[in-house]
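Heads up: the sequence lines are chains A and B, in that order. For the first sequence, the working numbering gives the first residue as 1, with consecutive numbering after it. For the second sequence, the working numbering gives the first residue as 1, with consecutive numbering after it.
Just so you know, the hints here were simulated from the structure itself, not pulled from any lab data. These figures come from a predicted structure and were not determined experimentally. Any given hint might turn out to be false.
[As the list claims (entries may be wrong)] Straight line, CA to CA, 27 Å or less: simulated DSS-like cross-link-like pairs of lysine-lysine: (1) A:Lys23 to A:Lys400; (2) A:Lys10 to B:Lys267; (3) A:Lys306 to B:Lys58; (4) B:Lys3 to A:Lys267; (5) B:Lys58 to A:Lys58; (6) A:Lys58 to B:Lys267; (7) B:Lys87 to A:Lys208; (8) A:Lys58 to B:Lys309; (9) A:Lys22 to A:Lys34; (10) A:Lys34 to A:Lys400; (11) B:Lys10 to A:Lys124; (12) B:Lys23 to B:Lys3; (13) A:Lys198 to A:Lys124; (14) B:Lys124 to B:Lys194; (15) A:Lys3 to B:Lys87; (16) A:Lys267 to B:Lys10; (17) A:Lys124 to B:Lys3; (18) B:Lys208 to A:Lys10; (19) B:Lys87 to A:Lys10; (20) B:Lys358 to B:Lys87; (21) A:Lys309 to B:Lys58.
Number of protein chains: 2
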Amino acid sequence: MTKINDNYLKLPGSYLFSTVAKKISAFQEANPDKPVIKMSIGDVTRPLVPAVIDAMHKAVDEMAAAETFRGYGPEQGYDFLRNAIVKYDYASRGIELEADEVFVSDGAKSDCGNIGDIFSVDNKVAVCDPVYPVYVDTNAMAGRAGDYIDEHWSNLYYMPCLAENGFMPQLPTEKVDIIYLCFPNNPTGVAATKEQLKPWIDYARENKAVILYDSAYEAFITNPDVPHSIYELEGAKEVAIEFRSFSKTAGFTGTRCAYTIVPHELKVNGTELNGLWNRRQCTKFNGVPYIIQRAAEAVYSPEGQKQTKENVAYYLNNASIIRNALTDIGLEVYGGENAPYIWAKTPDNMGSWEFFDKILNETAVGTTPGAGFGPSGEGYVRLTAFSSKENTEAAMERIKKLL
Amino acid sequence: MTKINDNYLKLPGSYLFSTVAKKISAFQEANPDKPVIKMSIGDVTRPLVPAVIDAMHKAVDEMAAAETFRGYGPEQGYDFLRNAIVKYDYASRGIELEADEVFVSDGAKSDCGNIGDIFSVDNKVAVCDPVYPVYVDTNAMAGRAGDYIDEHWSNLYYMPCLAENGFMPQLPTEKVDIIYLCFPNNPTGVAATKEQLKPWIDYARENKAVILYDSAYEAFITNPDVPHSIYELEGAKEVAIEFRSFSKTAGFTGTRCAYTIVPHELKVNGTELNGLWNRRQCTKFNGVPYIIQRAAEAVYSPEGQKQTKENVAYYLNNASIIRNALTDIGLEVYGGENAPYIWAKTPDNMGSWEFFDKILNETAVGTTPGAGFGPSGEGYVRLTAFSSKENTEAAMERIKKLL
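The shape of chain A in the complex, shown without the other chains (with noise of 0.2 Å):
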């Protein structure tokens, strides 16, 4: 008799974040008149630039024509776009990889999701809460993660990141194998300084732990003293995997283009992980679609970095927005700074969900609760700077007029 696998039976609920897009639609449809503006998904709005846009019609005629068409292509990617994001991800920054230490994929979640392939059930993970509920639910569902008990996985380690840690998540005070580590964080919007990343890279080391670092946010740092990838502190090659987007650097979260760094220096026991994931990826995936590769490609080029990055300012503008538009009335706000997530602590100690409702309902805006990112986040809910400026001063007006 077929027996499935349990542990998807102990995950609560569902998806943070299919659950909020639920709730959004029910109150949509109840109050027709009312549109809502949704600041809770982190989904851009601003269209592909333009130099995608041609680098897309372009390869969309190759794949037209006899001569020119392509079929299967690297699991790994095509050699145009890991050359090119070695270059100007990187090498610009004083970082020295491989094109074959660079897997082109599908999306940061699909990566950041099925890297635990690669690894034993036996591992003790540590995790940041709040945090990104993919790396909980993926683990949980590995059967790395224990039993659910009091909104806590039992197996699983947790470092609060409070107020009053600045949302720096604490070293272990217990041996943990696998660290997840997000800067510019999501949901909380905080970036980390070389200083403040140096002793994760001494406790992996020393530890032999490994860090999955997602640096998805890297594009929306403005402070210069934060790193944009954690190869840019000594000895990280030898303990850290990096995943990276384009989803939010270039507008990708519809077009669909990742990509995660295993460098050839870390490995476990001997054995390199560049070479387990190259195995897990051969076998288990077929490669992004060859004219999404090659949109990707176009974000490098000396058009398509000047509008990327007029994007990326534009949200930036937004985070600028909220984050004076709650303060004003009077919130604790952290975050977009270096990231397009807001940070707002729920008013005389309201509950996340509660005060969710309460924007929903009274203002017809969406955002995130911040309990749906893990115990810590209760007393908080996440708004995304990705809207249209018109929107994000017209849900800040409405949210003013609601305190």
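Mind docking chain B on chain A? Use the hints.
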């Protein structure tokens, strides 16, 4: 200390098609004056059809304007595509499906590989021999296959498909929990009739087993007695998941779109596998690019149907050329009538890697050695019908001179 998934270390050699590709590349480098005709990997060569190209240009333009831009889509696929699949691939054959039983993905390889996530490690898995390596390797990675000893995985149940049984697997003589079936078959090219499939439905119902049915090649079926979907058989919805792809149907090998059907009726101990797979996809996948889903939708338009069917007919004509040529020189030949694959017995009981090398080195034609698909593939090579007609004819001329 981090622990890796040791199952990866049990995997022999590298992925079959990578090895074949490397051997072909090495030959080509050493013999630049002898252009290799590749009849090895199942990659198409005809360009995308005009209906698909037009749909992609239109979708690219939509991505260029804020009013029509698409960000994150549903992880399971857009309704426009799910509904088209239900209507044209299933309702047209009398099969009723709900749109939420369809999960659009980036490839049947991904889905065949990832589906294991929702099953316990503790399942007895049956595979045909020879077999598409992804089924075996992904189960090995998950720890379901045991150890690799004498070219066999100790915990897998092998179902030999040999000339003496018409390359049809025989029902397991012991209880198995998960059964991979692929018809029309890769690599043998043999198709199964309803009568041949019925006992499998009965077996699965009696033994509460799940059938993972790969019908990626259904577009090549010419025999009216051969079902295109396993759901053409009564009761199949209770026991089977079906994998489909646009790769061979519409030349999407480099465009990347496929789908998997998980019927609501398919339950294990009362749990719907549909819900588990939905959770898996929502947590570890972020959907197929909007542009690519519009491309797939266009396959179902009247022009798209006409144009893609012309390409399938073109490849089937190549298959016929290969069958005739190899038969003429006295080889035993199977498949190629309802499938793009031809399975040819090596002459004089030559080993399949030896015959592969001989064909490559003496005629500059790439094939795939049968032994790469499993122990019972020894003594065969696989040829694919996906080259141009000219190359197919040229390759056959060369091989005719070989023997």
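Consistency of the hints with the structure:
For the hint linking A:Lys23 to A:Lys400, the alpha-carbon distance of about 22 Å falls within 27 Å, and the restraint holds. For the proposed pair A:Lys10 and B:Lys267, the alpha carbon gap of about 18 Å is at most 27 Å, so the pair holds. Proposed proximity of A:Lys306 and B:Lys58 is supported: the alpha carbons are some 25 Å apart, at most 27 Å. Of the supplied pair hints, the one linking B:Lys3 and A:Lys267 holds, its CA atoms being roughly 11 Å apart against a limit of 27 Å.
For the hint linking B:Lys58 to A:Lys58, the alpha-carbon distance of about 13 Å falls within 27 Å, and the restraint holds. Restraint check for A:Lys58 and B:Lys267: the C-alpha separation of about 46 Å exceeds 27 Å, so the hint is violated. With a C-alpha separation of about 54 Å, the suggested pair B:Lys87 and A:Lys208 falls outside the 27 Å cut-off, and the hint is violated. This hinted pair checks out: A:Lys58 and B:Lys309 have alpha carbons roughly 26 Å apart, not beyond 27 Å.
Distance hint between A:Lys22 and A:Lys34 is fulfilled; the C-alpha atoms sit about 16 Å from each other, no more than 27 Å. Proposed proximity of A:Lys34 and A:Lys400 is supported: the alpha carbons are some 17 Å apart, at most 27 Å. For a cut-off of 27 Å, the pair hint linking B:Lys10 to A:Lys124 stands: about 23 Å separates their Cα positions. For the hint pairing B:Lys23 with B:Lys3, the CA-to-CA distance comes to about 33 Å; that exceeds 27 Å, so the pair is violated.
This hinted pair checks out: A:Lys198 and A:Lys124 have alpha carbons roughly 21 Å apart, not beyond 27 Å. About 25 Å separates the Cα atoms of B:Lys124 and B:Lys194, which keeps this hinted pair within 27 Å; it holds. Between A:Lys3 and B:Lys87, the direct Cα distance comes to roughly 32 Å. Violation of the 27 Å bound is thereby established for this hinted pair. Between A:Lys267 and B:Lys10 the CA atoms are separated by roughly 18 Å; this keeps the pair inside 27 Å, and the hint holds.
Taken as a hint, the A:Lys124 and B:Lys3 pair is honoured in the structure, with Cα atoms around 10 Å apart against an allowance of 27 Å. Simply put, B:Lys208 and A:Lys10 have alpha-carbon atoms about 23 Å apart, close enough for the 27 Å limit, and the pair holds. For the hint linking B:Lys87 to A:Lys10, the alpha-carbon distance of about 35 Å lies beyond 27 Å, and the restraint is violated. Restraint check for B:Lys358 and B:Lys87: the C-alpha separation of about 47 Å exceeds 27 Å, so the hint is violated.
The straight-line distance between the Cα atoms of A:Lys309 and B:Lys58 is roughly 26 Å, inside the 27 Å bound, and the hint therefore holds.
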